[in-house]
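S.K.: Protein chains in written order, with the numbering used here: chain A, 1 to 338; chain B, 1 to 441.
Keep in mind the hints are simulated off the structure, nothing from the lab. Each hint should be verified, as a subset may be incorrect.
Unchecked claim - Computed footprint of chain B on chain A, listed as stretches where at least three residues anywhere in the stretch have a Cβ under 8 Å from a Cβ of chain B: (1) 77-88; (2) 233-246; (3) 313-327.
All C-beta atoms, glycine included, are put in the ideal place defined by N, C-alpha and C.
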Amino acid sequence: MKNTAILTLGVGAAMFATAAYAGMVDDIKKRGELICGVTTGLAGFAAPNDKGEWAGFDVDICRAVAAGVLGDSMKVKFVPTTGKSRFPTLQSGEVDMLARNTTWTFDRDVKLGFEFAGVNFYDGQGFMVRKDLGVKSALELDGATVCVATGSTTELNLGDYFRANNMKYVPVVFEKSDEIRAGYIAGRCDAYTTDRSGLAAQRSQMPNPDAHVVLPEVISKEPLGPLVRHGDNQWGDVVRWTLNVLIIAEEKGLTSANVDGMKGSTNDPEVKRLLGMEGEYGARLGLPNDWALNIIKQVGNYSETYERNIGPNTPIGLTRGVNAAWNKGGILYSPPFR
Amino acid sequence: MSQTDFGETQAVFTPKPDLPPPAITVGIIGWVRGNLLPDWFNGAMTVLALIGLYFVIPPVVNWALLDAHFVGDSRKACKPNVQIVRDQVVTQATMPDGSTMEVTTSADRIVVPEGVVPNVRWERRMVEGVVRGKGREYAKVVVEKDVVIEGACWVFVGVRFDQFIYGFYPKSERWRPTVVIGIGLLMIIYMLTDGLPHRGRVAMFLLIPFPVIAFFMFSGGVMGMPHVDNSKWGGLVLTIIISSVAITGALPLGVALALGRRSQMPIIRWFCIIVIEFFRSVPMITILFMALVVLPLFLPPGTSFDQLLRVLIGVTIFIAAYTAEVVRGGLAALPTGQYEAANALGLGYWKMMRLIILPQALRIMIPAIVSLFIGIFKDTTLVQIVGLNDLLTMVQLAVTDAQWIGLSKEGYFFCGFVFFIFCFSMSRYSMYLERKLHTGH
């Protein structure tokens, strides 16, 4: 009797184990909903709008994955995570993926057991100046006074950048970001430096945001990207190639508006593969063959989501800078789709 | 024995009416003298407080009411509709070494476009600024310019009000939480009002069938009401759900744990001690994290155990542990004579507790328990870290929407106001209860 009980328990455990390894893609299809971890609100990246729908640059990554896997970009459950809770939440399986302004580092990739699916935003330290200063590039800041947070890596990066470019500067240091902003507004310095997305957020809180401009240079590396747990490589591939689809679509000029028309008229073999007219590329990911078509149709290409959420015409007002496509002077680059 | 007849000169004592109290001890003057200026020290404190209020109240009233924007449906309604012209002015600036020099700087001037009724106030102020002088030196300059007076943008709270209250609950179904919470509130008020009939029955209804009905109303899936996943519950409604479940669950559980801790039976006693001490010695954040992260690791994979339920259980046990210690304090405060008297009457353990001990002990504990419950109500905001969207989270999410960014003052003001109303009414009720049940031990 006792042996039978133990045996049953063993079989039970094995059954649970197989259930867990059945593959995230199938799990998500069965559930009919993608569970995506986002931030607890970051302007332009993730926040609910007046209608209660989540919107933002990170949110669009989740929506793109849902469009690819489930064919409907609205079938996403968003779980807001804080800086502290984001990694445990992903590890414990509460969310399928994180798209949460997370910097890709060695430790997070290797030690925490995550797989970064790529980079959707190259953040990094940048500069903001008053528009009427007429400065167009950080390289014109020789001799400038710069407001910066004291004792931060930001301060070190600033020193390195100016030394490397053989320029002089005078640092004006503050403790807190509010103080820096106040100092900058009061004219204590010519330029204000911190992460570019942070600069954009600070700018939108200034009395006259239009009078300031974030310069295109990025002087430190903060690659932000979506990530998944170790253990299901197919699922990691789905997220990675969803991001790549957005980037390739921009490169090939596919937009949410024209993708249906392009499907009929294109002669580009890569576009044909991408849109599922040649080969069985979707099926190899366990997805329908029109998965990329759905992504582009429902979410748009990289440029569209950028312009919609954080681009120059939004309150965030970030220029593309280094996030431009590789053939337009940026470093955004997707491996070929073949 | 001669008798003296006092008949005609009988003295009758007719008291004269009391003199009215001195004028300076009654009325407004008396109140002011008695409460505000009884001696020089308190008088000085009164003056200091008045000065403090003078610096706090007018700016707050100006910001929140007089200069505020109430009407509209987008951020535009709060933007000043006047034009700001930047004039170039030549003025004297002071260099760091004390010398002065002539500099050109800009001064804002506000122009009202034709046909526009300005929606803001502004005033001309001397504003100190810094301009770039020779080389890298900065010179101080004082310019007279128009400054727009900032007012609150309540349009933001108005537009987001539904989200603050209901979270992501679908619009067409929002009547459900409204009905449930409305009925719940009415029943609580009925139950707490003296002299109404059947208060006990209402209380029983509120305690047992009502939570079940409420759950089905919120969750749906029965009687043609569409299912609403509890990840969509949020805002003030979620705050109320969590705190009311925690409060109604923690009180009986806490009493049971307290009785168990004082029990003569070692296993029960030790079990209760372990539960109480464990949950009291870790912070609530840890409990929430455990509920979110650690519990799923112990459960067999593939079994998903609802997140809100996990949080509710965690919070309830946490609060119950604190309640248990308060109850134990109340039990310990009763004189042993009460227990001995109950024993002498031949009452058994449960009868003794129910009829003699608990009614007295609970009265002593009211202030402590209510302050515990007020604490829970505020602590529910911690559920943010496990991804539940309570009132505070909804406010924080709203102020990071690019359209409304920078309006955190308005959002937090509203949030604080709502919490104040709830906590203040709980605290007033407990004071009323204390007076009513005043026990002169």
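S.K.: Can you list which hints this structure breaks, lowest number first?
M.R.: 2
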